[in-house]
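*Asks:* Protein sequence lines correspond, in order, to chains Y and P. Here the first sequence is numbered in my numbering, starting from 2 and rising by one per residue. Here the second sequence is numbered in my numbering, starting from 142 and rising by one per residue.
In case anyone wonders, no lab produced these hints; they're calculated from the structure. Glycine included, each C-beta is placed from N, C-alpha and C at the ideal position. There's no promise every hint is true.
[As the list claims (entries may be wrong)] Just a sample of chain Y residues kept apart from chain P, beta carbon distances all over 10 Å, derived:
| hint | residue |
| --- | --- |
| 1 | MET33 |
| 2 | SER57 |
| 3 | ALA60 |
| 4 | ARG88 |
| 5 | GLU109 |
| 6 | ASN134 |
| 7 | THR148 |
| 8 | ALA200 |
[To be verified] Computed cross-link-like contacts, PhoX-like style, restricted to lysine-lysine with a CA-CA straight-line distance of at most 25 Å:
| hint | chain 1 | residue 1 | chain 2 | residue 2 |
| --- | --- | --- | --- | --- |
| 9 | P | LYS333 | Y | LYS106 |
| 10 | Y | LYS40 | Y | LYS153 |
| 11 | Y | LYS125 | Y | LYS107 |
| 12 | P | LYS333 | Y | LYS72 |
| 13 | Y | LYS107 | P | LYS281 |
| 14 | P | LYS281 | Y | LYS205 |
| 15 | P | LYS333 | Y | LYS40 |
| 16 | Y | LYS153 | Y | LYS72 |
| 17 | P | LYS281 | Y | LYS72 |
| 18 | Y | LYS153 | Y | LYS205 |
| 19 | P | LYS242 | Y | LYS107 |
| 20 | Y | LYS40 | Y | LYS72 |
| 21 | Y | LYS72 | P | LYS242 |
| 22 | Y | LYS106 | Y | LYS153 |
| 23 | Y | LYS125 | Y | LYS106 |
| 24 | Y | LYS207 | P | LYS333 |
[What the hints assert, rightly or not] Okay, the calculated beta carbon distance ranges per label pair:
| hint | chain 1 | residue 1 | chain 2 | residue 2 | range |
| --- | --- | --- | --- | --- | --- |
| 25 | Y | ALA203 | P | MET417 | 52 to 58 Å |
| 26 | Y | GLU109 | P | ALA332 | 24 to 30 Å |
| 27 | P | LEU237 | Y | PHE108 | 30 to 36 Å |
| 28 | Y | GLU124 | P | LEU338 | 42 to 48 Å |
| 29 | Y | ALA187 | P | ALA195 | 54 to 60 Å |
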Amino acid sequence: MQRHIALLIAALLIALGAFHSASLAAAQLQVMVKDRNGKPVADAVVLALPADPKVSLRAQTPTESVDQVDKQFVPYVKVIFVGSTIRFPNSDNIRHQVYSFSPAKKFELPLYTGAQAQPVLFEKAGVVVLGCNIHDWMIGYVYVSETPFFAKTGTAGTALLADLPAGDYVIRVWQPSLDGSEQSTAQRIAVAADGTNRAEWAIKLKATIPVPRVSSGSSAAYP
Amino acid sequence: MPRILALALIAMSTLPAPALADWSVSAAAQARYDDNVGNAHDYGDQVSDEIFGATLSALQTLSLSDAYSLSAGGDLSGEWFDHLNGLRNAALDGVLSLKRKWGLGAFAPWGRASLSVGRSEFDDSYRDFTAYRAALAAGKRVDPRLNLWVEYSFDHNAAAAGETVEPGISADAFTANGHRIAASMEYAASAKIFLSLTAFARRGDVVSTVQSDEAIYPRARAIEEDPALGEDAYAFRVIGNTYGIRAGVGYAVTEHSLLGLAYLRARTYAQGADYMKSVAEINWSYRY
Numbered sequence: 002m003q004r005h006i007a008l009l010i011a012a013l014l015i016a017l018g019a020f021h022s023a024s025l026a027a028a029q030l031q032v033m034v035k036d037r038n039g040k041p042v043a044d045a046v047v048l049a050l051p052a053d054p055k056v057s058l059r060a061q062t063p064t065e066s067v068d069q070v071d072k073q074f075v076p077y078v079k080v081i082f083v084g085s086t087i088r089f090p091n092s093d094n095i096r097h098q099v100y101s102f103s104p105a106k107k108f109e110l111p112l113y114t115g116a117q118a119q120p121v122l123f124e125k126a127g128v129v130v131l132g133c134n135i136h137d138w139m140i141g142y143v144y145v146s147e148t149p150f151f152a153k154t155g156t157a158g159t160a161l162l163a164d165l166p167a168g169d170y171v172i173r174v175w176q177p178s179l180d181g182s183e184q185s186t187a188q189r190i191a192v193a194a195d196g197t198n199r200a201e202w203a204i205k206l207k208a209t210i211p212v213p214r215v216s217s218g219s220s221a222a223y224p
Numbered sequence: 142m143p144r145i146l147a148l149a150l151i152a153m154s155t156l157p158a159p160a161l162a163d164w165s166v167s168a169a170a171q172a173r174y175d176d177n178v179g180n181a182h183d184y185g186d187q188v189s190d191e192i193f194g195a196t197l198s199a200l201q202t203l204s205l206s207d208a209y210s211l212s213a214g215g216d217l218s219g220e221w222f223d224h225l226n227g228l229r230n231a232a233l234d235g236v237l238s239l240k241r242k243w244g245l246g247a248f249a250p251w252g253r254a255s256l257s258v259g260r261s262e263f264d265d266s267y268r269d270f271t272a273y274r275a276a277l278a279a280g281k282r283v284d285p286r287l288n289l290w291v292e293y294s295f296d297h298n299a300a301a302a303g304e305t306v307e308p309g310i311s312a313d314a315f316t317a318n319g320h321r322i323a324a325s326m327e328y329a330a331s332a333k334i335f336l337s338l339t340a341f342a343r344r345g346d347v348v349s350t351v352q353s354d355e356a357i358y359p360r361a362r363a364i365e366e367d368p369a370l371g372e373d374a375y376a377f378r379v380i381g382n383t384y385g386i387r388a389g390v391g392y393a394v395t396e397h398s399l400l401g402l403a404y405l406r407a408r409t410y411a412q413g414a415d416y417m418k419s420v421a422e423i424n425w426s427y428r429y
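Model the full assembly from the supplied sequences, consistent with the hints where possible.
*Replies:* What follows is the structure, given as structure tokens:
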């Protein structure tokens, strides 16, 4: 009798283990982000926050890079996991002075060329707007994500979240021109273990006016 | 004019090229219609013309610190008058400016002091002059759409005197001084369309060219023959106050180039030799 009970417990443990493995199996989620006119939206950040608060959000925090090329930040939008650091190399042959006033990270890198600037640690989640004090039109964004499950859309409007543990998630989308709050884009979806899960988001964008690089009044303001 | 081109080549060949300086190279072209080229009071004396111009500019900006930047550069420009051949000219200008920003970023207020010296040479060389200009400017970008700035400048054009026309009166009509203030705004209606408006006032010497005007004689500080505007034309230098406005609209063809339309309307009060001027312009500029 005791032997039967032991076998039963063992079978149950194996079954539970298999179920647990299945629930943690890596899945993929491909998200298509469009605007209200059905056009693909590039540079949209897609975040997946596990609905189960017990899911660990620990991940590596590598040193990332945001370059400056032809007096522009490259990439325009950079997504990192909170606690990561970013280097800001300068590929132009002139000096740049990178700064941010954003509450998520205030910093300033005094005038520099090449790779002289110290990496910057982003220890707080949120949106960090980058600028250059010399070239007013330069603008870039660092999205510091509270979850390690994130991706960014390309010109086709798609973002692929790979190695996503199967389960329920709250998906949010953010883009520099998003009209409304990031929270308003939140939707809960279930990510199955098998194959590639697909989802589509429609977001409302507002017209944004960047500081112009060339304009009729530029002679007064620049240099 | 060949001398200007030679000077330009010499100046360009001697420009330093420090790796840390920010080069700004630009080119501009314009076509404009001026309804009163000679600034004449009477309708019968007014001469209009179409003018085609081009400018090449090179400016080197060196960031001295977080707050200060120093710029040095030059412009080479030319104007081709469709009918008034004697006014066709070439000019070479050099400029040095020091800019300060109070704070970081695109929205920090700024101030700038600049000095420039230029030489303009005309097909009718009696109009040649050397231009000196000192300017103070300040501005602030209120938001990404709206940019505001003001400027005060003093200008002095030094020309050679011509042959005496009226004994006791200088024949140096093209040597002139003036003080000018201007307030400008630029508004981005969209990411590609810019509206600009400048209001200005100037107090100083103005040169008015007429066939013959007895009324202007007693007010003239200098009189000089001005055959570029007609066989019997005389240039009179008088003191005047000019008030004007310039409105423009620009379209950003690319990230580096702008196509624009502008209209200027100015009125000068010059002790009875008052005159109006309207200039319509189409322009294109490219900056790298």
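*Asks:* All hints are to be evaluated individually against the structure, with a verdict given for each.
*Replies:* Consistency of the hints with the structure:
Its beta-carbon lying about 25 Å from the closest one in chain P, Y/MET33 satisfies the requirement of being farther than 10 Å from that chain. Distance to chain P confirms Y/SER57 as a non-interface residue, since its nearest Cβ pair spans about 39 Å, more than 10 Å. No beta-carbon of chain P is positioned within 10 Å of the beta-carbon of Y/ALA60; the least distance is around 32 Å. For Y/ARG88, the requirement that its beta carbon stay farther than 10 Å from each beta carbon of chain P is met, with the minimum near 20 Å.
Its beta-carbon lying about 7 Å from the closest one in chain P, Y/GLU109 breaks the requirement of being farther than 10 Å from that chain. Non-interface call for Y/ASN134 relative to chain P: violated, since the shortest CB-CB distance, roughly 5 Å, does not exceed 10 Å. Even its closest Cβ contact with chain P, about 30 Å, leaves Y/THR148 beyond 10 Å, as expected for a residue assigned away from the interface. Remark: the non-interface label on Y/ALA200 is consistent with the geometry, its nearest Cβ contact in chain P lying 30 Å away (cut-off 10 Å).
Under the criterion of a C-alpha separation no larger than 25 Å, the hint pairing P/LYS333 with Y/LYS106 is inconsistent with the structure, at around 31 Å. Distance hint between Y/LYS40 and Y/LYS153 is fulfilled; the C-alpha atoms sit about 16 Å from each other, no more than 25 Å. Under the criterion of a C-alpha separation no larger than 25 Å, the hint pairing Y/LYS125 with Y/LYS107 is consistent with the structure, at around 11 Å. About 19 Å separates the Cα atoms of P/LYS333 and Y/LYS72, which keeps this hinted pair within 25 Å; it holds.
Pair hint Y/LYS107 plus P/LYS281 holds up; C-alpha atoms about 22 Å apart against a cutoff of 25 Å. Note on P/LYS281 and Y/LYS205: the hinted pairing is violated, with a Cα-Cα distance of about 31 Å set against a maximum of 25 Å. In summary, the hint linking P/LYS333 to Y/LYS40 is supported, as the alpha carbons are separated by about 20 Å, within the 25 Å threshold. The suggested pairing of Y/LYS153 with Y/LYS72 holds, with an alpha-carbon distance near 23 Å, which does not exceed 25 Å.
Straight-line distance between C-alpha atoms of P/LYS281 and Y/LYS72 comes to about 21 Å, which keeps the hinted pair within the 25 Å bound. Only pairs whose Cα atoms come within 25 Å are accepted, and Y/LYS153 paired with Y/LYS205 is accepted, the gap being roughly 17 Å. A threshold of 25 Å between alpha carbons decides the hint, and for P/LYS242 with Y/LYS107 the separation of about 19 Å falls inside it, so the pair holds. Simply put, Y/LYS40 and Y/LYS72 have alpha-carbon atoms about 28 Å apart, too far for the 25 Å limit, and the pair is violated.
This hinted pair checks out: Y/LYS72 and P/LYS242 have alpha carbons roughly 19 Å apart, not beyond 25 Å. For the given pair, Y/LYS106 sits about 21 Å from Y/LYS153 by alpha-carbon distance, which is consistent with the 25 Å threshold. Between Y/LYS125 and Y/LYS106 the alpha-carbon distance is near 7 Å, which keeps this suggested pair within the 25 Å criterion. Note on Y/LYS207 and P/LYS333: the hinted pairing holds, with a Cα-Cα distance of about 16 Å set against a maximum of 25 Å.
At roughly 56 Å, the beta-carbon separation of Y/ALA203 and P/MET417 lies within the given 52 to 58 Å, and the hint holds. Distance hint for Y/GLU109 and P/ALA332: a CB-CB separation of about 27 Å, consistent with the stated range 24 to 30 Å. At roughly 33 Å, the beta carbons of P/LEU237 and Y/PHE108 sit within the given window of 30 to 36 Å. Roughly 46 Å separates the CB atoms of Y/GLU124 and P/LEU338, a value that falls within the hinted 42 to 48 Å.
Checked against the hint of 54 to 60 Å, the C-beta distance between Y/ALA187 and P/ALA195 comes to roughly 56 Å, which is consistent with it.
In the structure shown, a violation is registered for the earlier hints numbered 5, 6, 9, 14, 20, in ascending order.
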